[in-house]
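Note that the protein sequences, when read in sequence, are chains S and B.
Numbered per UniProt numbering, the first sequence finishes at 82, counting up by one with no gaps.
Numbered per UniProt numbering, the second sequence finishes at 82, counting up by one with no gaps.
Take the hints with a grain of salt, since some may be wrong.
Because identical chains share one entry, a pair is satisfied inside a single copy or across any pair of copies.
[Unchecked claim] In silico DMTMM-like links for lysine to aspartate or glutamate, alpha-carbon gap of 25 Å or less: (1) LYS17 x GLU3; (2) LYS30 x GLU3; (3) LYS31 x GLU3.
By construction, these hints were calculated from the structure, which means they are not laboratory data.
These numbers come from a predicted model, not from an experiment.
There are 2 protein chains.
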Amino acid sequence: MGELIAAMGIIRKVFDKYAGEEGDKETLTKKELSKLLREQIGEEFSSKEVDEFFKGLNQDGDSVISYQEYVVFVATLALMLE
Amino acid sequence: MGELIAAMGIIRKVFDKYAGEEGDKETLTKKELSKLLREQIGEEFSSKEVDEFFKGLNQDGDSVISYQEYVVFVATLALMLE
Numbered sequence: 001m002g003e004l005i006a007a008m009g010i011i012r013k014v015f016d017k018y019a020g021e022e023g024d025k026e027t028l029t030k031k032e033l034s035k036l037l038r039e040q041i042g043e044e045f046s047s048k049e050v051d052e053f054f055k056g057l058n059q060d061g062d063s064v065i066s067y068q069e070y071v072v073f074v075a076t077l078a079l080m081l082e
Numbered sequence: 001m002g003e004l005i006a007a008m009g010i011i012r013k014v015f016d017k018y019a020g021e022e023g024d025k026e027t028l029t030k031k032e033l034s035k036l037l038r039e040q041i042g043e044e045f046s047s048k049e050v051d052e053f054f055k056g057l058n059q060d061g062d063s064v065i066s067y068q069e070y071v072v073f074v075a076t077l078a079l080m081l082e
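The following block holds chain S by itself, in its conformation from the complex (with noise of 0.2 Å):
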């Protein structure tokens, strides 16, 4: 199995790991991406910031953030390394 697809189950871990804290185990709260945020990225984020962050994820705006809406926010992530 390639480097890629390794990390992409890296990816798909990472987001088990945290959306499986509390309530629905496929979706991630404000409270759990929070807690990606400050352990994934390593940033104390103000809880403002991690709203807006948030709402910039949450597309379809119901109360969580999807999988899809996840993957977003990680290849984002992957183009700040350009």
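Chain B: place on chain S using the hints.
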């Protein structure tokens, strides 16, 4: 550093590895994309399939795949792991 950032590093490293083989080191030629697909996805794609793949990724219609276009491919791949 979180696993997510490590996965981003792998995504970038894989791009650089193949983009660096011929021509411009910052873009993928069709030949480089074909090799990436074969080695990273582990499937033998026909040249017709690679052509279609290439056309689909090549948003700006030039003759190479940029890092941004590659990230769209990677995000699509990640979504297939739904």
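Evaluation of the provided hints:
| no. | hint | in the structure |
| --- | --- | --- |
| 1 | LYS17 x GLU3 | both (21 Å within a copy, 11 Å between copies) |
| 2 | LYS30 x GLU3 | between (31 Å within a copy, 20 Å between copies) |
| 3 | LYS31 x GLU3 | between (31 Å within a copy, 19 Å between copies) |
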